[in-house]
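Please model the complete structure; the sequences and the hints are all you need to start from.
In order, the protein sequences belong to chains A and B. So our numbering is basically just the index in the first sequence, starting at one, shifted up by 33. So our numbering is basically just the index in the second sequence, starting at one, shifted up by 33.
Bear in mind the hints are in silico, worked out from the structure with no lab data behind them. One thing to keep in mind: the hints can contain errors.
Intra- or inter-copy, both count: the list cannot distinguish identical chains.
To be verified - Derived EDC-like pairs: lysine to aspartate or glutamate, alpha-carbon spacing no greater than 20 angstroms straight-line:
1. K113 x D229
2. K354 x D221
3. K290 x E280
4. K89 x E260
5. K118 x E316
6. K136 x D349
7. K362 x D349
8. K113 x E237
9. K89 x E237
10. K89 x E108
11. K118 x D65
12. K118 x E237
13. K89 x D245
14. K36 x D238
15. K290 x D87
16. K142 x D87
17. K71 x E56
18. K113 x D65
19. K319 x E237
20. K71 x E338
21. K64 x D309
22. K362 x D65
23. K220 x D87
24. K71 x E111
Nothing here was measured: the structure is a model prediction, and the numbers come from that model.
There are 2 protein chains.
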Amino acid sequence: MNKAIVLASRPQGWVKPADFRLESLAMPSPKDGEVLVKNLWLSLDPYMRGRISDAKSYVPPVAIGGTMVGQTVGEVVESKHPGFKSGDHVLTSLGWQTHGVAKGTEVTKVQARPGMPLSYYLGVLGMPGLTAYFGLYEIGQPRAGNTLVVSAASGAVGSVVGQLAKASGCRVVGIAGGKAKCDYVVKDLGFDACVDYKAGKLNEDLGAACPDGVDVYFENVGGQIMEAVMARMNFASRMIVCGLISEYNATEAYGIKTMRSVLVNRIRMQGMIVFDWVNRYPEGIKALSGLVAAGKIKYRESVVEGIENAPQGLVDLLQGKNFGKQLVKIA
Amino acid sequence: MNKAIVLASRPQGWVKPADFRLESLAMPSPKDGEVLVKNLWLSLDPYMRGRISDAKSYVPPVAIGGTMVGQTVGEVVESKHPGFKSGDHVLTSLGWQTHGVAKGTEVTKVQARPGMPLSYYLGVLGMPGLTAYFGLYEIGQPRAGNTLVVSAASGAVGSVVGQLAKASGCRVVGIAGGKAKCDYVVKDLGFDACVDYKAGKLNEDLGAACPDGVDVYFENVGGQIMEAVMARMNFASRMIVCGLISEYNATEAYGIKTMRSVLVNRIRMQGMIVFDWVNRYPEGIKALSGLVAAGKIKYRESVVEGIENAPQGLVDLLQGKNFGKQLVKIA
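This is the structure we're talking about:
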């Protein structure tokens, strides 16, 4: 049987495990040009909150009763496509299920290498890493000596943003929740400083960590953290709006009161989604692989065991309880 | 005597005429390299609200007791600079006074031409026109067929933005307060539509005026109008943050709840101040002069008589009571 997690109800506000349901489905069978994949790893990402909401977005939402969407890395167990054979490892969009059928054109072969396990293709070498790479360089345009701030700094995107910026000569300041994450960001990832937003003095701590203001801000969270950083941005600074996770479960959006800083400081703020650079993924993967191999990018994973625990994994991720890239180990 | 308006007190919230004081000063005398100018026209502009506030900005505020800042067009009445003679007309930064002394290097000769009176150098051929020109083209990057929305559409900046965008092949929608301004924008300036924000159904009217969404938004006002337009912006749209006049007198900033649109639609939002292109003013003036001469840009002035009435003129401007570029006729 193929076990799948489907959307049971459209959540209002915070997502609950009960918004999902485990179903046992018939094992699918590949047709010509298709492959049957046994999923090994599932990626959990903040964007998934948007996919289960019916607010207008860049793609239609998951239907009630539909299998949850998401990227996986899996193993081909039956191939009717000449380009694949059993045992090949592939990156797929098969979603929250143990097995699935995809066209050969819809999956990408990936290969584990020393120091780069298969799961990395869902993280540092996958969408989060590419989000960091293209957002930082294409919109943020960091220069040596700049101060860069990144929120959700210990997460899959934030940790890569900060390490890329360090490698590019920036002073890098993270924002994260709690001492453990902040310690990790500074001691393990090499950021210059990290502000614990849960410590209750965000503005003061941010000021101390950014004595020369902020030149590049990579935004993953929105809300009060966005306001606090915007108020410290420098002339001609850049702001990458990559995520607003603090708002994804809110029933009303937070009102940002620092638009004046955009005007006075001539901030350039731009929204991004990694798909915008889909034709350049090979460039990004090559660059990121090289930096991982050279030890310039370190990377941490947070693993939930079993497809049946994926809903709780997403709930924890949206509440910031994960520590590093959130994965589900399916098999 | 030289009559000048000085700042009497730093206003909190709405500006009042009593925040200013008329003073009679000794007639200044030019030294070598300087000219004595008799001011003819004074420009009143929304940015002046910022100059009398002590909030951090891009220049220090006017001191209490200091002469109000502003651009004027005047006539040289005594010259100790070889480049100027009595009777020359000049653009100055002498501020709210009937006379003033400036270095020859600090003033620019201007010349009235048929259809282009001297006062135009404070408006369509001056800072407001250049603000429209550089903001629209450098940040907005309008393309034929785009829908452009501009707020404060009948004002000195907005009216030029809209006409430039029309000349560049855009569908142009203004936002203005009241039927008279909206009629002017559509019937006299040739905008495709104008939304009266005072009519009480901003969202609905904006939707009707922009059936294909918004590709470029030139923001002069901020607040609820900014939110309403942001919610309708298209993929890869551009937003020029030129002014936030709705907030200049507010004691608390308005909270913008539409940041999600920046993310989902990949909006590029950028703050601007015309000084950013100071080295390119001649290019802008040449382009604008040509369009005015060709009848492609029409232009309206709102005139207050006498330096003593300048404070009331600024109060009215900040409340949106002016209609077209606000000037003070000094002599």
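Hints not upheld, ascending by number | Violated hints (numbers, rising): 1, 5, 6, 8, 10, 12, 14, 16, 19, 21, 22 and 23; every other hint is consistent with the structure.
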